[in-house]
Amino acid sequence: MAENIKLEIVTPEKAVVSEEAQIVMAPGTLGEFGVLSGHTPFMTSLKIGAVRYVDKEGRERFVFVSGGFAEALPDRVTILAESAERRRDIDVGRAKAAMQRAEDRLRKEKDENIDFTRARAALARATYRIRLAEMPRI
Amino acid sequence: MAALKEVKLKIAAVKKTKQITKAMNMVAASRLRGAQVRMEGFRPYAAKFEEVLGSLSQKAGDQANPLLVPRDEIKHSHIIVITSDRGLCGGFNANIIKRADSLAKERMAKGRKVSFSSFGKRGLDWMRREKLDVVSRNNGIVGSSFGFSVAANAGRKMVSAFLSHEYDEVIVVYSEFVSMAKQVPMSKQLLPIPPIAKQDQAADEDAPYQAEHICEPTPAALLGELLPKNVDVQIHRALLETSTSEHAARMLAMDNATKACKDMIGNLTLAYNKARQAAITAELMDIVGGAEALKG
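Protein chains in written order, with numbering that gives the first Met the number 0: chain A, 0 to 137; chain B, 0 to 295.
Note that these hints are calculated values from the structure, not bench results.
The reader is advised that the hints may include incorrect statements.
Claimed, not checked - Here are the computed lysine to aspartate or glutamate pairs in the EDC-like style, where the Cα-Cα straight-line distance is at most 20 Å: (1) B:58 <-> A:70; (2) B:130 <-> B:100; (3) B:228 <-> A:12; (4) B:228 <-> A:70; (5) A:5 <-> B:50; (6) B:47 <-> A:12; (7) A:13 <-> B:39; (8) B:228 <-> B:168; (9) A:13 <-> B:49.
So that you can see chain A by itself, here it is in the shape it has in the complex:
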């Protein structure tokens, strides 16, 4: 079996994930990418979405990230995100409320540019959170 790679997902509040993984897949702005041990140094910004990784026991894990940056080195992957949660920690109720709020705002404030982009980002975050939390477990 191939060597493991160290995955670290950090947010300003705390380190969400710090463990060995067999493979890490993350949503880069130019497309999803996968990292195995021995990857060439690589840096990219991330979209809102899910980081997927297989832990050393072979279980597939999911972590929601609200965009950010990823740096891959041969022996480790570091992900900097403003917020990140493991799938089991996602607060679905809150996400649904956020989705409602964002949708309302999008209906009302079509003319104001800044609020529009912000509301769209909020909507995307909420949608991804809900989708991830409600995904059937394998």
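Go by the hints and put chain B onto chain A.
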């Protein structure tokens, strides 16, 4: 006899004050622990962020980002002042305000327009007293457990105001937590972003072969995304530092107050005992005097 009662009341009052200061000291101590944990939690993110920023700015090279370019003529300075909401923490807020005041005066003397944002009530009170131009006020944040979104919101406003040439520079004044006994008022330029320290060459020599990073989309584009976030990170750090400092300052101030209460109680008890003794002696003299008179 009246003096005796007064002293007794005074002792009771000081004892109660001591109980309060002692309790405040303990509350501050437990909050300080919380604040320190949050600061610890932020450190890995900040460290990694700085590392990425340093290596990227090296790679992006001369492609200047508008956030990095100093303005030729500074017309409007914006100062963010971070203080605590509550007092009873010694000279903590006064020191921060003094710092902000000298920065503002310096700029006003050059004929620049200066506006303010406040985090914390104490700083806001000062701005109101001095009739300064306050753009945004944020109470109830410093000293509590706030999220990164507070700094992110403030940072976004600063960046857009800077880019639209409303502000030509943005400075943050806060208190840096050096140790339990030492908190230093600090000022830091947020925008334009001061030149970023390049990664030291010494580290590169240890690892002679380090392949270049592949960057997606491009180093300059990545830097363009990172730089505004850097402002958020700096504000968040300043907020955390000030919160921790506030609790440490209050803990120390309350510890001193408790000690002062103890001294005062000691002195008052001494005075009380002396007065009591004097009263007893006087009474005794009376009785003895009376007995002598009867005998005679």
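(request) Would you mind confirming whether the straight-line C-alpha gap from residue 5 of chain A to residue 50 of chain B stays at or under 20 Å? (result) holds, 18 Å
(message) Run the distance test for residue 228 of chain B versus residue 168 of chain B: straight-line Cα separation, threshold 20 Å.
(response) Roughly 17 Å between the alpha carbons, so the hint for residue 228 of chain B and residue 168 of chain B holds.
(request) For the pair supplied as a hint, residue 13 of chain A and residue 49 of chain B, confirm whether the alpha-carbon distance does not exceed 20 Å. (result) holds, 16 Å
(message) With the threshold set at 20 Å, check whether the alpha-carbon distance from residue 58 of chain B to residue 70 of chain A stays at or below it.
(response) holds, 15 Å
(request) Take a quick look at whether residue 228 of chain B and residue 70 of chain A sit within 20 Å of each other, Cα to Cα. (result) Measuring from Cα to Cα gives roughly 16 Å; hence the hint holds.
(request) For the pair we were handed, residue 228 of chain B and residue 12 of chain A, check the Cα-Cα distance against 20 Å. (result) Roughly 15 Å separates the two Cα atoms, so the pair holds.
(message) Would the hint linking residue 13 of chain A and residue 39 of chain B be met if the CA-CA limit is 20 Å?
(response) holds, 8 Å
(request) Decide if the proposed pair is consistent with the structure: residue 47 of chain B and residue 12 of chain A, CA atoms, cutoff 20 Å inclusive. (result) Status holds; Cα separation ~14 Å.
(message) For a C-alpha distance cap of 20 Å, please report whether residue 130 of chain B and residue 100 of chain B respect it.
(response) holds, 12 Å
Checked against the numbered hints given earlier, this structure breaks none of them.
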